[in-house]
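A.B. asks: Kindly produce the complete structure, drawing on both the sequences and the hints.
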Amino acid sequence: MKKYFTLMICFVGICLMLTGCGKNTNEKIIGKWSSIDNKAVSLEYLKDGSFNIQSKPEGNWLILQDGRLKSTRFDKKIPAVIYTIVFDGDNKMTLTSHDGKSVVVIRQGN
Numbered sequence: 003m004k005k006y007f008t009l010m011i012c013f014v015g016i017c018l019m020l021t022g023c024g025k026n027t028n029e030k031i032i033g034k035w036s037s038i039d040n041k042a043v044s045l046e047y048l049k050d051g052s053f054n055i056q057s058k059p060e061g062n063w064l065i066l067q068d069g070r071l072k073s074t075r076f077d078k079k080i081p082a083v084i085y086t087i088v089f090d091g092d093n094k095m096t097l098t099s100h101d102g103k104s105v106v107v108i109r110q111g112n
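The opening position of the sequence shown corresponds to residue 3 in my numbering, with each subsequent residue numbered one higher.
Hint data in this document are derived by calculation from the structure and do not stem from the laboratory.
None of the values given here were measured: they were computed from a predicted structure.
Hints may contain errors.
[What the hints assert, rightly or not] Here are the computed lysine-lysine pairs in the DSS-like style, where the Cα-Cα straight-line distance is at most 27 Å:
id, residue 1, residue 2
1, K72, K34
2, K41, K30
3, K49, K34
4, K49, K79
5, K41, K72
6, K25, K103
7, K94, K72
8, K34, K79
9, K58, K34
10, K49, K25
11, K41, K58
12, K94, K49
13, K49, K30
14, K78, K49
15, K79, K103
16, K78, K25
17, K72, K58
18, K78, K58
19, K41, K103
20, K25, K79
21, K58, K30
22, K30, K103
23, K30, K94
24, K103, K78
25, K103, K34
26, K58, K103
27, K25, K41
28, K72, K103
29, K94, K41
30, K79, K58
31, K78, K34
C.D. replies: What follows is the structure, encoded as structure tokens:
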């Protein structure tokens, strides 16, 4: 019985470590990113919920409850876009819009 109890404590501890150690989407997205296809294109997601394109303030971002990214531009003529986000580790991210267009970006400075 003591052996079973010890194994259960170890199992619960490992589960807590695995679920508690990972970054959430809000944390992972923060930083500067560049397109794999065109490294001259850069995005920066800031902690305050704003984003820059080519170092110029362009709008605000929000992670929705379902994990998708909503980007709203300051220029109201440009409609908000909602992206599905897929991370490949901490330094690569694929953003896919509702129409199926995808862009793959890598974190700058790594």
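A.B. asks: Indicate, hint by hint, whether the structure satisfies it.
C.D. replies: Tested hints:
1. For the hint linking K72 to K34, the alpha-carbon distance of about 17 Å falls within 27 Å, and the restraint holds.
2. A hinted pair counts as satisfied when its Cα atoms are at most 27 Å apart, and K41 with K30 qualifies at roughly 20 Å.
3. Among the hinted pairs, K49 with K34 is consistent with the structure: their alpha-carbon atoms are about 12 Å apart, no more than 27 Å.
4. Between K49 and K79 the CA atoms are separated by roughly 25 Å; this keeps the pair inside 27 Å, and the hint holds.
5. Restraint check for K41 and K72: satisfied, since their Cα atoms lie roughly 23 Å apart, inside the 27 Å limit.
6. Restraint check for K25 and K103: satisfied, since their Cα atoms lie roughly 26 Å apart, inside the 27 Å limit.
7. For the given pair, K94 sits about 19 Å from K72 by alpha-carbon distance, which is consistent with the 27 Å threshold.
8. About 25 Å separates the Cα atoms of K34 and K79, which keeps this hinted pair within 27 Å; it holds.
9. Simply put, K58 and K34 have alpha-carbon atoms about 12 Å apart, close enough for the 27 Å limit, and the pair holds.
10. Restraint check for K49 and K25: satisfied, since their Cα atoms lie roughly 14 Å apart, inside the 27 Å limit.
11. For a cut-off of 27 Å, the pair hint linking K41 to K58 stands: about 16 Å separates their Cα positions.
12. Distance hint between K94 and K49 is fulfilled; the C-alpha atoms sit about 18 Å from each other, no more than 27 Å.
13. A distance of roughly 11 Å separates the Cα atoms of K49 and K30; the hinted pair therefore holds under the 27 Å criterion.
14. A hinted pair counts as satisfied when its Cα atoms are at most 27 Å apart, and K78 with K49 qualifies at roughly 22 Å.
15. Distance check on the hinted pair: K79 and K103 sit about 20 Å apart at the alpha-carbon level, within 27 Å; holds.
16. Note on K78 and K25: the hinted pairing is violated, with a Cα-Cα distance of about 32 Å set against a maximum of 27 Å.
17. The straight-line distance between the Cα atoms of K72 and K58 is roughly 18 Å, inside the 27 Å bound, and the hint therefore holds.
18. Taken as a hint, the K78 and K58 pair is honoured in the structure, with Cα atoms around 16 Å apart against an allowance of 27 Å.
19. At most 27 Å may separate the alpha-carbon atoms for a hinted pair to count; K41 and K103 meet this at roughly 18 Å.
20. For the suggested pair K25 and K79, the alpha carbons sit about 34 Å apart, so the restraint of at most 27 Å is broken.
21. In summary, the hint linking K58 to K30 is supported, as the alpha carbons are separated by about 21 Å, within the 27 Å threshold.
22. A threshold of 27 Å between alpha carbons decides the hint, and for K30 with K103 the separation of about 22 Å falls inside it, so the pair holds.
23. Of the supplied pair hints, the one linking K30 and K94 holds, its CA atoms being roughly 10 Å apart against a limit of 27 Å.
24. The suggested pairing of K103 with K78 holds, with an alpha-carbon distance near 22 Å, which does not exceed 27 Å.
25. In summary, the hint linking K103 to K34 is supported, as the alpha carbons are separated by about 21 Å, within the 27 Å threshold.
26. For the hint linking K58 to K103, the alpha-carbon distance of about 23 Å falls within 27 Å, and the restraint holds.
27. In summary, the hint linking K25 to K41 is supported, as the alpha carbons are separated by about 25 Å, within the 27 Å threshold.
28. Between K72 and K103 the alpha-carbon distance is near 15 Å, which keeps this suggested pair within the 27 Å criterion.
29. Under the criterion of a C-alpha separation no larger than 27 Å, the hint pairing K94 with K41 is consistent with the structure, at around 13 Å.
30. Annotation: proposed proximity of K79 to K58 holds, straight-line Cα distance about 17 Å (limit 27 Å).
31. Our distance criterion of 27 Å between C-alpha atoms is met by K78 and K34, whose separation comes to about 24 Å.
Going down the numbered hints, you'll see the structure goes against 16 and 20, while the others check out.
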